[in-house]
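*Asks:* Okay, here's what each chain looks like letter by letter:
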Amino acid sequence: MKDKVVCYFSAAQSEQPIIYRLVKNYDLIVNILKADINPQKEGYLVTELEGERAKYEEGISFLKSLGVIVEPLSETVMWDEDTCIQCGACASFCPTEALSIDRDSMEVSFDNSKCVICEMCLECCPTRAIRLHFEVQGAAR
Amino acid sequence: MAYEKTYEEINAKIRRGEAVVVTAEEVIAIVAEKGVEKAAREIDVVTTGTFGPMCSSGAFINFGHSNPRIKMKKVWLNGVEAYSGIAAVDAYIGAAQLPETDPENKVFPGRFTYGGGHVIQDLVAGREIRLEAVAYGTDCYPNKKVDTLITINDVNEAFLFNPRNGYQNYNCAVNLGDRTLYTYMGILKPKLGNASYSSAGQLSPLLNDPHYKTIGLGTKIFLGGGIGYVAWNGTQHHPNVERGENGVPRVPAGTLTVIGDLKQMDPNWLVGLSYVGYGATMAVGLGIPIPILNEEILYYTAVKDEDIFCPVVDYAEGYPYKKPIDLGYVNYRDLKSGRVEINGKMVVSTPQSSYPRAKKIARTLQEWIKQGSFELTQPVAQLPLADAEIDFKSIPERSPNGFTINR
Ligand code: SF4
Ligand code: SF4
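Top to bottom, those sequences are chains A and B. If you count by my numbering, then the first sequence holds residues 7 to 147, one letter each, in order. If you count by my numbering, then the second sequence holds residues 66 to 472, one letter each, in order.
Bear in mind the hints are in silico, worked out from the structure with no lab data behind them.
Below, a sample of chain B positions facing chain A; criterion: calculated Cβ distance under 7 Å:
| no. | residue |
| --- | --- |
| 1 | 259 |
| 2 | 420 |
| 3 | 422 |
Bear in mind that the values here come from a model prediction, so they are computed numbers and not experimental data. Backbone N, C-alpha and C define an ideal beta-carbon position, used for all residues, glycine too.
Let the hints inform the model, and build the full structure from the sequences given.
*Replies:* Here it is as structure tokens:
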């Protein structure tokens with residue numbers, strides 16, 4: 007299985023070789039998507055974890071046993087209207103018409119409520135006007 | 066005797082604030098309603114526009130001298146190399162150039178997040194740019210190294226000089242293969258998964274003057290949000306191609322070399338682009354006014370998307386390996402509808418060129434002319450015309466050392 011999670015660390019936890027253990031002891035493929043650790047060594051890590059289901063769950067329990075708060079990642083797609091040049095390329099890749107073109111004016115608009123975060127549109131935007139935004143709650147507890 | 070107007074007459078009307086100026090989109094309905102003859106008497110200027118990725122763009126910059134003076138051998142702007150084998154402190158930054166540290170396609174498909182086009186956009190936006198230069202040092206130019214920050218206001222000249230812009234028509238790109246392709250026409254999904262096109266169609270400058278009757282050397286234009294000029298025909302200008310009855314080429318044909326002062330341009334109209342798996346380039350805003358000198362010229366400006374056809378080209382084998390694969394033609398009305406029929410299949414179409422922005426350019430130019438701040442120029446020479454005998458050349462395969470060239 008493969009899933010994205012946010013791990014919130016405290017200073018003590020961030021000094022331990024957590025990633026190493028996840029890889030070594032639980033055979034997980036760890037792909038770090040985003041990390042922010044402050045000078046006090048508190049912070050969060052957004053990772054994609056991949057591995058066998060049983061090992062995956064053991065890995066998550068291991069993190070929790072250390073006191074790391076692990077939460078499923080909530081992502082949103084952000085469309086920066088000012089950066090967008092209205093080329094329309096993204097809309098033809100969007101399966102849900104969250105990004106859509108008004109065929110009269112050829113103008114592109116984005117309806118967040120229709121977005122299923124499939125990420126199809128991210129690669130095709132030449133201006134990088136579409137970004138993935140990770141929801142991270144405040145600082146680490 | 067057919068009705069004729071001169072450039073002088075049109076400019077006199079512009080100066081008096083009386084010129085009738087319409088966009089290349091508006092003119093379609095006017096001609097449909099009033100007919101060519103009546104409309105040609107009424108309309109003085111038709112404005113066009115296009116805003117899309119335009120490779121073969123770049124800018125000349127003269128940095129001024131360091132103290133002591135330097136004869137720059139290599140120059141980098143924000144880590145992107147500019148060509149400096151021109152003189153001591155002149156350089157040319159190309160839109161497609163990448164930083165030396167760019168991972169390119171080593172991890173495929175590469176992201177190409179920053180390149181020459183982004184440098185030009187940053188310059189025009191007035192942002193600070195890191196300028197690095199190295200030199201070997203001479204008696205007259207002893208300095209061997211420069212590493213500093215500059216803005217566009219610190220340089221003597223900065224002018225855009227794009228050797229090939231405003232392509233008159235372009236291919237519609239598809240993928241007949243079975244893996245996703247990452248091209249300069251964007252992402253092409255396998256097995257005819259989508260069809261990518263890049264032209265403003267009925268608003269595009271050279272599609273509104275298919276025989277280059279008014280657009281020529283010296284024509285004053287909208288370029289990058291400011292004023293520019295047509296300097297020459299563009300590279301790969303190939304006017305002698307198959308054309309429809311309306312004179313419009315059915316394949317990529319004419320191109321323009323354009324020039325203009327970067328210092329009066331706008332970062333909204335020169336935008337650095339990143340094409341996944343392909344590279345970096347720049348979207349250029351280009352708009353050209355067409356003086357309605359007679360009925361024939363007006364007739365051409367009334368061209369509609371449905372009457373402009375472009376060839377469907379396979380980018381799996383056809384384009385890269387020059388294999389002739391006939392996939393027919395599609396028109397821009399169908400492309401803009403979001404679906405086109407290719408090989409009997411309905412295919413989703415992917416635009417690359419921004420129609421709303423093209424329209425905005427045509428409208429801006431319309432406003433400038435109406436307000437009297439933009440007059441028209443008569444070309445000082447024509448572009449090579451449709452009866453030119455231009456061969457479209459390829460690199461010859463010869464063996465400089467007597468060895469056979471392996472493919
Ligand atoms: S992430 Fe998917 S659903 Fe959301 S806008 Fe992009 S293509 Fe559409
Ligand atoms: S691909 Fe990017 S620039 Fe083009 S319309 Fe979509 S968001 Fe805008």
